[in-house]
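Read in my numbering, the sequence shown has 155 at position 61, and its numbers run on one by one without any break.
Bear in mind the hints are in silico, worked out from the structure with no lab data behind them. We put the CB at the ideal spot given by N, CA and C, even for glycine. A couple of the hints might just be wrong.
[As the list claims (entries may be wrong)] Simulated restraints on C-beta separations:
1. Thr-101 x Asn-163: 44 to 50 Å
2. Asn-164 x Met-139: 38 to 44 Å
3. Leu-158 x Val-97: 30 to 36 Å
4. Leu-158 x His-119: 20 to 26 Å
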Amino acid sequence: MRVLKITCPECGAKAVIRKTNRMHHEIADIYCSCADVECGHTFVMNLTFSHTISPSAKTGDILLQTVINNLNPQQRQMALDLLQGCAA
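Can you make the complete structure from the sequences, with help from the hints?
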């Protein structure tokens with residue numbers, strides 16, 4: 095597993111995350127401090143979600159359930175018939 099490595103923007107040494115302030119489930123302020131005691135720089139970085147590269151397998155079921163719930167009874171039966179035809 096990879097771990098996010100933060101470096102000090104002033105001296106380039108390793109930095110430590112001291113606190114995380116989540117403003118939204120996709121946005122956070124990360125409070126950091128330089129591990130080099132001679133530098134001592136403290137700073138805040140922003141962490142944001144950008145985009146999906148590969149969708150989660152967990153959300154596929156939710157999407158499918160949403161589609162099925164929005165079908166009228168005739169469309170549901172047609173989908174069921176198509177699925178049963180593929181299984182045969």
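Structure-based check of each hint:
1. Thr-101 x Asn-163: 44 to 50 Å: Holds, since Thr-101 and Asn-163 (Cβ atoms, about 48 Å apart) stay within the stated range.
2. Asn-164 x Met-139: 38 to 44 Å: holds (41 Å)
3. Leu-158 x Val-97: 30 to 36 Å: holds (34 Å)
4. Leu-158 x His-119: 20 to 26 Å: holds (23 Å)
Violated hints: none; the structure is consistent with every hint.
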